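Undergrad: Sequence:
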Amino acid sequence: MIELPSSQLAVHARTFPSGAPGPATLAEHVATGGTGRLWADRAVHPRVLAVDCAGHVLLRGDPAALAPGSLDALAGRYIEAPDRFLPVLGASFGPVVPWERLVYVRQEAPVAVPRPPRGATVRRLTPADAPELAALDPDSTWIHASWGGPVGLAASGYGWGAFHKGRLAAVACAYFVGSAYEDIAVVTAPDQRRRQLALACVAGLCADVAARGRGAGWSCSRHNRPSRLLAWNAGFRLVREYTHYATPTRSPRLRAA
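With our numbering, letter number 244 in the sequence shown gets 244, and the count goes up by one each step, no holes.
Calculated directly from the structure, the hints in this document are not laboratory data. Since the model is a prediction, treat every value here as computed from it, not as a measurement. You may find that some hints are simply not true.
Said to hold, decoys possible - Derived Cβ-Cβ restraints for the label pairs, each shown as a range:
1. R115 <-> R47: 52 to 62 Å
2. A64 <-> R115: 56 to 66 Å
3. Y242 <-> Q107: 14 to 24 Å
4. A10 <-> D83: 21 to 31 Å
5. H223 <-> E108: 21 to 31 Å
6. A43 <-> S221: 34 to 44 Å
Every residue, glycine too, gets a C-beta built ideally from N, C-alpha and C.
Produce the entire structure from the sequences given, and follow the hints as far as they go.
TA: Encoded structure:
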């Protein structure tokens, strides 16, 4: 696979889903200026295309056009692709791990959101909050990956934070921004959980999403019970399921080299 300018996504818009919650928001996010990469089997009249952002990939086209090893650039990703790609994924990476995913859409008002605890403030993020985002626990730094890092998310206008005694305790953001839906992601500092700070951030963010004229979506693993519970409490309801596949960080061919 070779990399093409992400601006070419507009030419290939029909290749990827659009206007729907869940994976469709990834391609639209990259197409409208979000951080991401576009891959193709060839530069002119490509037969296979992959859009890649924050470790997530949408793969479309004709898998028969792919040569062995041509998917090496997609190692260490979560790949959503039609079933016809499974043989070529297996040939490229060996066993790939299926992850069942759930897609929710906000359809109801959230449960009563309590007032922030003493010393806590919930508000929209600003560019000045980039250092706080950068200081998040290493397990939480994925939250700004789709915006190219803490500076990008802080300046995007698509994030909300809960600050407790001056420290960033929870973040909710539009992880992928699509034409009709924004896919929301949330993290909470380990020592700040069970205080409903994330729910307060989501409530503020969802008000922004509605003001922008879009729906709010939520995607998570079937096995992520805390995320599912938070989504439910925030008024999200299940609309569909899909599977993506985790690839190893290096293909067997590269590991043997």
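Undergrad: For each hint, tell me whether it holds in the structure or not.
TA: A quick look at each hint next to the structure:
{"no.": "1", "hint": "R115 <-> R47: 52 to 62 Å", "result": "holds, 56 Å"}
{"no.": "2", "hint": "A64 <-> R115: 56 to 66 Å", "result": "holds, 59 Å"}
{"no.": "3", "hint": "Y242 <-> Q107: 14 to 24 Å", "result": "holds, 19 Å"}
{"no.": "4", "hint": "A10 <-> D83: 21 to 31 Å", "result": "holds, 28 Å"}
{"no.": "5", "hint": "H223 <-> E108: 21 to 31 Å", "result": "holds, 24 Å"}
{"no.": "6", "hint": "A43 <-> S221: 34 to 44 Å", "result": "holds, 36 Å"}
The structure shown violates none of the earlier numbered hints.
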